[in-house]
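Residue numbers (full-length UniProt numbering), protein chains in the order written: chain L, 1 to 312; chain R, 1 to 312.
Just so you know, these hints were derived from the structure itself, not from any lab. Don't take each hint at face value.
For identical chains, the list gives no copy identity; a pair is met inside one copy or between any two copies.
Stated by the list, open to error - Quick list of in silico lysine-lysine cross-link-like pairs, DSSO-like style, CA-CA up to 27 Å:
1. LYS33 / LYS244
2. LYS129 / LYS178
3. LYS244 / LYS178
4. LYS129 / LYS207
5. LYS190 / LYS207
6. LYS19 / LYS129
7. LYS129 / LYS174
8. LYS33 / LYS19
9. LYS85 / LYS33
10. LYS122 / LYS178
11. LYS65 / LYS85
12. LYS178 / LYS33
13. LYS33 / LYS65
Note that the coordinates shown come from a computational prediction; the quantities given were computed from them, not determined experimentally.
Protein chains: 2
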Amino acid sequence: MILTITMNPSVDISYSLDKLVINDVNRVSNTRKTAGGKGLNVTRGINFSNIPVLATGIIGGTTGKFIQEQLDEDNIAYNFYVTQKESRNCIAILHQGNQTEILEAGPRLDNDDVEQFLQHYKKLLNHVKIITISGSLPLGFPVNFYVNLIELASEYQIPVLLDSSGQMLLTTLKSQYKPYLIKPNQEELKQIIQMDIDVNDSHSLIKALKHDSLDDIPLIVISLGKNGAFARCFNHYYQVSIPKINVVNPVGSGDITLAGLAVSLHENESIEVMLKRAMTMGMLNAMEAQTGFVNMNNYHEYYQQVEIKEII
Amino acid sequence: MILTITMNPSVDISYSLDKLVINDVNRVSNTRKTAGGKGLNVTRGINFSNIPVLATGIIGGTTGKFIQEQLDEDNIAYNFYVTQKESRNCIAILHQGNQTEILEAGPRLDNDDVEQFLQHYKKLLNHVKIITISGSLPLGFPVNFYVNLIELASEYQIPVLLDSSGQMLLTTLKSQYKPYLIKPNQEELKQIIQMDIDVNDSHSLIKALKHDSLDDIPLIVISLGKNGAFARCFNHYYQVSIPKINVVNPVGSGDITLAGLAVSLHENESIEVMLKRAMTMGMLNAMEAQTGFVNMNNYHEYYQQVEIKEII
Chain L
1 MILTITMNPS
11 VDISYSLDKL
21 VINDVNRVSN
31 TRKTAGGKGL
41 NVTRGINFSN
51 IPVLATGIIG
61 GTTGKFIQEQ
71 LDEDNIAYNF
81 YVTQKESRNC
91 IAILHQGNQT
101 EILEAGPRLD
111 NDDVEQFLQH
121 YKKLLNHVKI
131 ITISGSLPLG
141 FPVNFYVNLI
151 ELASEYQIPV
161 LLDSSGQMLL
171 TTLKSQYKPY
181 LIKPNQEELK
191 QIIQMDIDVN
201 DSHSLIKALK
211 HDSLDDIPLI
221 VISLGKNGAF
231 ARCFNHYYQV
241 SIPKINVVNP
251 VGSGDITLAG
261 LAVSLHENES
271 IEVMLKRAMT
281 MGMLNAMEAQ
291 TGFVNMNNYH
301 EYYQQVEIKE
311 II
Chain R
1 MILTITMNPS
11 VDISYSLDKL
21 VINDVNRVSN
31 TRKTAGGKGL
41 NVTRGINFSN
51 IPVLATGIIG
61 GTTGKFIQEQ
71 LDEDNIAYNF
81 YVTQKESRNC
91 IAILHQGNQT
101 EILEAGPRLD
111 NDDVEQFLQH
121 YKKLLNHVKI
131 ITISGSLPLG
141 FPVNFYVNLI
151 ELASEYQIPV
161 LLDSSGQMLL
171 TTLKSQYKPY
181 LIKPNQEELK
191 QIIQMDIDVN
201 DSHSLIKALK
211 HDSLDDIPLI
221 VISLGKNGAF
231 ARCFNHYYQV
241 SIPKINVVNP
251 VGSGDITLAG
261 LAVSLHENES
271 IEVMLKRAMT
281 MGMLNAMEAQ
291 TGFVNMNNYH
301 EYYQQVEIKE
311 II
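I would like the entire structure built from these sequences, with the hints used as guidance.
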């Protein structure tokens, strides 16, 4: 089973307006509300692949209840730690070709929540083969919290796939408990290694991936958008090319890519199959309007068009 | 007891941003979520006056549950008809001195909800002395729905105070079941009588209030903002003047004015006391940042400054 972790989920509200009128009342009848948070997208991606998955993290209040109801509707298994404090909303206003977002910080939690969640998490680890961690921490949580999760997972020899950024990622990379896989984009990689990278030059990418701070991370997948990806798998380097696709909504594609990586590791697939699966899942998501959705009927068509080249 | 009716309540979310950046991500830590809807403000106003009050209407889903929790916190009694469909959110973005609002239409309900609510409403009428109806109807409800509510109230001789607008108000005024009181603003009055009014001229106002469509409405209070109000109480006309006040947040002042009118009728006060109480409550609300809040400690100070002059 794969355990996915979403520490600060949300109810995402999307409003479609012809025009957003500032300093006035905008009436909207086209409203969508969904359970959001990067880790929940990962969960959906794994679920589409028919691999057993359990979502955990922290939810609270009536917003948390809505998240549970939405996951029930999608037949997604979950076991959250439940607090008294309301989970957050994230608003996306779609208007005149724009997407204006308002992201709530979410509830401020305390040390008691930290401790209670760790106890909750430990109980879930018995039947878990892979863990994914995605997104940011709730207010009030220590920046090294993901290190704690990885340390506990290491006691059970469970590899952790970490998709985070900023201080949470940097702190984890400096700790003695390393994730098994990270999936930084170009900006995040620059922040980690503190130097410029030419993403069109494989030698520049290899040099970056040889940086000390990335030692002891077995798998690193750098997402390059329409240019595919570049990966270091143990000591081998791979350029991954993808076909040109009709991008409808790229939101969540990185999360679905992570879902593909987790599924592949869960199924003990080869490096080549893993990278092809992950890129195919990401593309399938980008071709759909709905965030976190993939049409698996198109899987084989696009899978065959992903090319992997080892760089020696 | 006063029964307040809010057919389409909401969870109001207020975001305070230094700047709203269009087509980008705006992160916000200053979020307020409250139970909203004009009728719930009326309920709060009555509650501040220590008169027994019960809120009803239709709520649903986790948003409806949040509304109940908020009313519990404010010690407000309620007995809603509960549907499966989620109640709505209304968003107010406060930015650079602007207030940009996004108002959801709310759930579309069906004939079964109409029937079920009417049954629910009938059961509540036994111990009710006054009813207030505020705001708009849910999608799917017939435009003459408030006529049904007034008709059922008339079987118990319960007067109904109606604060609505548009077709819902016009349809009610054309029906044989009239409200006991309406509280139109200048625009709504113009829409009702289909002619221009000079609100600075009492004769113009009297002429408007003698319009056929307003026959059989015992009490009509026209709110004139900082200029107070003009009222027809049976066949007497009153100019109501208020002192200059420091307006902090006028949202909800009309609702709190209606609360004052309902309280006064409940307590069988004189016309003069009724108008003074109502205007005082509205002013107290406008002087507070929090919508639907009044500081009753200031009541007597402002009550004494309201002047009522009968126009012969």
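Which hints from the list above does the structure break, by number from lowest to highest? 1, 3, 4, 6 and 12
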